[in-house]
Every structure is written in C-alpha cells, then in structure tokens.
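Novice: Here is how the chains run, residue by residue.
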Amino acid sequence: MTPPDISKLIVRTSMRDRAAFDLLYRQTSAKLFGVCLRVLNDRAEAEEALQEVYVKIWTKADRFAVSDLSPISWLVAVARNHSIDRIRARRMKQTGLDEAAEIADPAPGPEALALAGDEGARIHLCLEELDADRAAAVRGAYLVGESYAELAERHGVPLNTMRTWLRRSLMKLKDCLER
Amino acid sequence: MTPTDHHEPELGGDEALAAEYVLGVLPASERQDVARRIEADIMFARLVDDWEARLSPLGAFYTPVDAPASVKQALDRRIFTGNARPTSRAGASWWNSLGLWRGLAAASVVALALVVGWNLQPPVEEAPSARFVASLENPDTDVRYLALYDEAHATISLSRLDGTAAADQDFELWVIEGDEAPASLGVLADADHLEVRPSEELRAKFAAGAVLAVSLEPEGGSPTGQPTGAVVALGDLRSI
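Top line first, the protein sequences correspond to chains A and B.
As numbered in the working numbering, the first sequence has no gaps in its residue numbers, which increase by one up to the final residue, 277.
As numbered in the working numbering, the second sequence has no gaps in its residue numbers, which increase by one up to the final residue, 341.
In case anyone wonders, no lab produced these hints; they're calculated from the structure.
Heads up, some of the hints might be wrong.
In silico lysine to aspartate or glutamate, EDC-like type, Cα no more than 20 Å apart, as pairs [to be verified]:
1) A:K158 with B:D142
2) A:K154 with B:D134
3) A:K272 with B:E109
4) A:K270 with B:D151
5) A:K270 with B:E109
6) A:K272 with B:D115
7) B:K306 with B:D251
8) B:K306 with B:E296
9) A:K270 with B:E111
10) A:K158 with B:D150
11) A:K158 with B:D115
12) A:K158 with B:D243
13) A:K106 with B:E252
14) A:K154 with B:E140
Excised from the complex, chain B in its bound form (with noise of 0.2 Å):
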C-alpha cells in the first residue's frame, strides 16, 4: 500500500460505522452493537441501507450454487412443523397472526362447504387483480407501518413494525389521492396485525400514487373527518 496520506479524507462517524458493517469488517462485539442500533434508530438504518445499495453490485460476483435438498427439508421442519410458531416477530403472538387468522378463515370455508355438501371444484386459476403495498413512516417519528392493499378482497392489511400511540390518543389512517382532501379509513387498533376493509367509494381512491397516511388523533378519532394532529407515518402506494 502507498503511504499514508494525512490530508486524505476519510469517512467518519456513523457513516463510517454503516459502511463497515456493510462491508463486513468489524469484529463480532461490535456488529451486534450496530445490529441492535440498526433495529432503535431508523436514520442510522437508513445510512446501513444507502451503503448495502452503493455496495450491492459486488454481490454479482457470488455464483449460485444449488443447495442440497435435505435443507428446504429441514427448513420446512423447522417453520412449519413441531412447536414452531407462525409468527416471530418479538412482541407478536401467534394469535396475532394474520396467516394463522387468514388459514383458519379459509378452513371454515372450507368446512362450511363441506356441511353444505358444495361440491368442491377444482381451484380455478384466480383472475389477476391489483395488490398495492406501502410503506408508512415518518422521518420524525418512530411510527411504521407496512400496508398491503388487495383488490380482490377489498382489504387492506397492516402490520405495525414500531410504534404506539400515547394512552388517551388514537392513530387514525387515511387515503389521499392526488389533490384531494384525506379520507379516513377509520381508528387503527392498538395491536401488530389489522385488517381494514375500506367501502366502495373509498376502495376507488386506490391507485398507485395514492398515499396512505396515519395522523395522531384524539381518543376515538378526529372529531371534524379531517386530520386534526400530527402525520406520524406516511408512504405512496405502489403497484406489486
């Protein structure tokens, strides 16, 4: 290596710390520290985030090597199978689970049409429909929520990664659609899995470029239809 230069800049602070741990270089202590720091501060995220994009092309040079299958085998024991949980996410039950609630929706269906004595066609290949998904944050704010909107079930789901409102305030969502004053979709729930079924005429707000967003209200929503407090997350919906 050529000798040191003092007057070469170099990164420093917590840029410097992103990129390390992207790059992979600090020793074990350390890149829990950074892990754990990722998960608190989303600014420092961010930076993690802008250097495994700047870093990401590198990855091109791993070449694929197909795996043996007794690992998808072992995978499946161990997700699906056994006393594996659906859920991990710390915080969340598994009754809070929207795959577990979604599976035994769909089971009761399945027994209703049983006792029924539908006869059960074949599944038929479903028509393509729209599914949007958004990702609501805010800077400012530690409040995240990540939306999925399907078309075909006119639902949205919503799952809450960080954040909470204060005791006696609500988080309320709403759709924007280009100029037009907010709609609310109504008083979020205080849990990590929600299902919002929105009615006809708001179901027509949602395109891609529409914005989901979630303002602070008081206990039970606000009181004039429009946002009254603070937007504490927000995203554009986009296409999937």
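Looking at chain A on its own, in the form it has when it is part of the complex (with noise of 0.2 Å):
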C-alpha cells in the first residue's frame, strides 16, 4: 500500500471511520507489531502493547495531520514511543546484563538497509562518520529503547559521559543529515 493510501486511512481514522481503521490495521500491523516486538522483547507484551497501540491510532490519529511525518514514520513513532513507555516503566525494576549482551549489535544488515532506501542509506553515512561505538549507541537507543542508564552501564562509563557523548553524537548527526 502506498502512502498517500495510508494519509487517507489516517485522515479518516480521524473521523472515525471504522472500515477505514480496520484495514490501516491490516495494512500496518504487522510492522507495528514488529516494532513492539523489538523494543519489548516479549511476545506477550508486545501483543498488548500493539492493542494499546491502536487504541492511540483510533483515538489521536487527527494529531497525524499537523505533523511533518511520512504516515508510515508517524504509526512508528506512536508504537514506539509507546513501548519505550512500556519498557522504561518495565525495566525501573530490572537491570538486565544478558538483556544488553543480546541487543549489543544492532546495526542493520545490507539487506536491512536496501528496504531502507535513499533516507535510510543518508542517515546510515551519516551514522558511519560516528565513531563506531557511539553510532552503536544511537542504533541501540533507537531500536530497542535502551536508557541513558543501561547504555552507560553497558558502555562502562558513568551516565553524565554517556549524555555527552550522545548529545555530541546528536549534534553531528544533525549537521550531517543537513549538509
């Protein structure tokens, strides 16, 4: 499905049309609940955090309007915000070591990276002018919603060193993705 065909279902989630809501669902879900999936790392929860998810779609989808998003990027980002919601409330509790070795090397494969295209391939470059460790960190913090706390914890380095050198790494992103 295109994504203009994708605005329209958004547009008219928006006015509660349900026939329209059901197949944005059929259309998105399955990469909603990849992204679910990822962040939380269990499929139990990934499955009620993609219903909570909809829940959000169904009853905010005017906000899709005033954002700058492509449809696809915005039904992302409100899963992902979502479950890193989730997880951050989830993880208060547990500080998970094998947790961290399991999701260390995030970066994409080459195949990964064709499904991405032109944009993906730009902020790839721009990732790879990072040193490697803290494109890793960028990586991480993206996909699976790692703390500032557990990317310090994992990189041995104490949290305020881990914000500066994301903040530095941030900055140069930015400039890079503008140049």
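Two chains, two frames, some hints: make the complex.
Specialist: Written out as structure tokens, the structure reads:
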C-alpha cells in the first residue's frame, strides 16, 4: 500500500471511520508489531502493547495532519513511543546485563539497508561518520529503546559522560543530515 | 569510546530534550514530563516532530511480524463494544463525536427507506470524489483545527484540537483562493466538532492550494464581510 493510501486511511480514521481503521490495521499491524516486539522483546507484552498502540491511533489520528512525518513514520513513532514508555516502566526494576548482551549490536545488515532506501542509506552514512560505539549507542537507543542508564552501564562510563557523548553524536548527526 | 573532547559542540536545551525523547533514552518520569510538554507547547512539539523525521529512516530496520488474530479481536472489543465510548479526546463528550452523529444520520436514512418501502439496492461503488484536508494553525497562537472537505457531501468537517475565542469574540472561517479576497464560511460555534456546508458559489473555491483561515472577530462575526481581527490559524488545502 502506498503512503498516500495510508495517509487517507489515517485521516478517515480520525473521522471515526471504522472500515478505514480496519484496513489501516490490516496494512500496518505487522510493521507495528515488529516495533513492539523489538523493543519489548516479549511476545505477550508486545501483543498487549500493539492493542494499546491501535487504541491510541484510533483516538489520536487527528494528530497526524499536524505532523510532517510520512504516514508510516508517524505510525512507527506512535508504536515506538508507547513501547519505550512500557519498557521504561518495566526496566525500572531490572537492569539486565544479559539483555544488554543480546542487543549489543543492532547494526542493520545490507538487506535492511536496501529496504531503508535513500533516506536510510543517508542516515546510515551519517552514523558511519561517528565513532563505531557511539553509532551503536544511537542505533541501540532508537531500535530497542535503551535508556541512558543502560547505555552507560553497557559502555562502562558514568551516566553524565554517556549523556554528553550522545548529545554530541546527535549534534553531528543533525549537521550531517542537513549537509 | 574515544576520550572526551571538550571542544566538540553538543546539542543543548530544548533541542537536546526533544532529540533524547525521540531517541528514547530518558527515564520514565522525564518521558512523562516531555509528553505533557508536547501537548502544551506547539514550538516544542515541532522540535520533537523534526527529530522524529530525522531519525525515522532507522524505523525501516524493524522487521514486520504478523500479529495473531486475537489482538485485533481484543482491540475491536475494546474500542467498539461494551462501555467503550466512540471518542476519547479529552473534553469531547461522545455527544460531540462526529462519527456518532454521522452514524445516526446514516441509520435514520436507512430507517426512513424501510418505512417508505424503498427497495434497498446493494451499495453502489461510490464515484471517486475530491477530498481535501487542511491543518489550521499559527505558531503564535494555541488555536488548532483540523479541516476535512468532502466534495461528494459538500461538507467541511472541522475538529478543534485546541484554542477558544474570548467570551465576547467569535472565530470566523474563511476560504482564500489564490489572490482573491477571503470569502466567509461563517462564524464557528464553540464546539470541538463542527460541520460547515458552503454555498455552491463558495464550493467552487475549494481546490488544492486554496487556504482556510480562522480569524478572531467581534461576537457574531466580521461586521465588514472581510476579516477584521488577527488570523489565529490557517492552512493549505491538501488533496488526499
């Protein structure tokens, strides 16, 4: 389904059009379930999160019109933010070193890069300009929702140092993307 | 990691906070604070949106996985049945839900058809008709409307996202086509959901690129037929 079609479905969903919402779910739920699974790393919790994500989409679809994001990026943002909120609440209790090891290298393979298209290639090139471990920290945070505390622990640095490193990386990334 | 270089510039202030929120690295309590701020502060919300856009290509690396059918069933139960109300926007009661009223209107047409004894034909595929959407806003105000114009029904559906006029003032809606003078579509009632039916003459002005604007006018609307107060929100009509 092309992005304009998804835009249309989101706008119709904001007008409480149930048929449009059903179609939107059919077209996009696999992608958003992928997001929930990757961040939450637990099938039952991801299923629950996916449900909540679509409740949000149903009730907040009107926000899409005031966003500059592409429709699929907007949907992914809703799913990511919700999943990260959930995991942040859950991980307050557990700081899993095992878990950190599992997600230590979320760098995408070539096939994923091809999927990402020009924009994806560009952000990847910009990430390449960063030191490898800083780029890994940015990717890890984005894709699996690692917190400052978890990143600091994994990289063996104080939290404030991690914050500084990441803020510098984000600055460089922004400059590179705007070049 | 390389040793810290103190001369390297780093992101700061709101921009850093927006980026950190999007990246997802903040602790739970700070995420909640930021989420509240996004709702209240449109300039900050834009910073967040910009960072979502910058980093969104990374989202391509999420591999789609089919969700079990039970999720959709549970979702439908949650949204569409039981005590669930068909709207959840804070402050909007279900009486104001456009969908509800449209549904009721559709239901009464069907009921009338049955009473009159029409033979209900199977639904005919609707001819494609133009639809336009516009997001009306102005960074200097908190007034935000979402407008959807549906040519087939000659109706503008307006959803107020934020902002109200002072007690002795009204919002008035205008359509502006190219360099022509604004044409009034009438005073907007103080409600979260509205439908406006423009006259045939005004309907001709609805095309991609035309602008919808909301101005602040004395109670009852502009006395001159042209906007007299500040334009508190405006946006281009975009074809969808």
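Novice: None of the hints should be skipped; say for each whether it holds.
Specialist: Hints and how they fare:
{"no.": "1", "hint": "A:K158 with B:D142", "verdict": "17 Å, holds"}
{"no.": "2", "hint": "A:K154 with B:D134", "verdict": "19 Å, holds"}
{"no.": "3", "hint": "A:K272 with B:E109", "verdict": "14 Å, holds"}
{"no.": "4", "hint": "A:K270 with B:D151", "verdict": "15 Å, holds"}
{"no.": "5", "hint": "A:K270 with B:E109", "verdict": "9 Å, holds"}
{"no.": "6", "hint": "A:K272 with B:D115", "verdict": "15 Å, holds"}
{"no.": "7", "hint": "B:K306 with B:D251", "verdict": "13 Å, holds"}
{"no.": "8", "hint": "B:K306 with B:E296", "verdict": "17 Å, holds"}
{"no.": "9", "hint": "A:K270 with B:E111", "verdict": "8 Å, holds"}
{"no.": "10", "hint": "A:K158 with B:D150", "verdict": "15 Å, holds"}
{"no.": "11", "hint": "A:K158 with B:D115", "verdict": "24 Å, violated"}
{"no.": "12", "hint": "A:K158 with B:D243", "verdict": "18 Å, holds"}
{"no.": "13", "hint": "A:K106 with B:E252", "verdict": "15 Å, holds"}
{"no.": "14", "hint": "A:K154 with B:E140", "verdict": "14 Å, holds"}
When the structure is compared with the earlier hints, a violation turns up for hint 11 alone.
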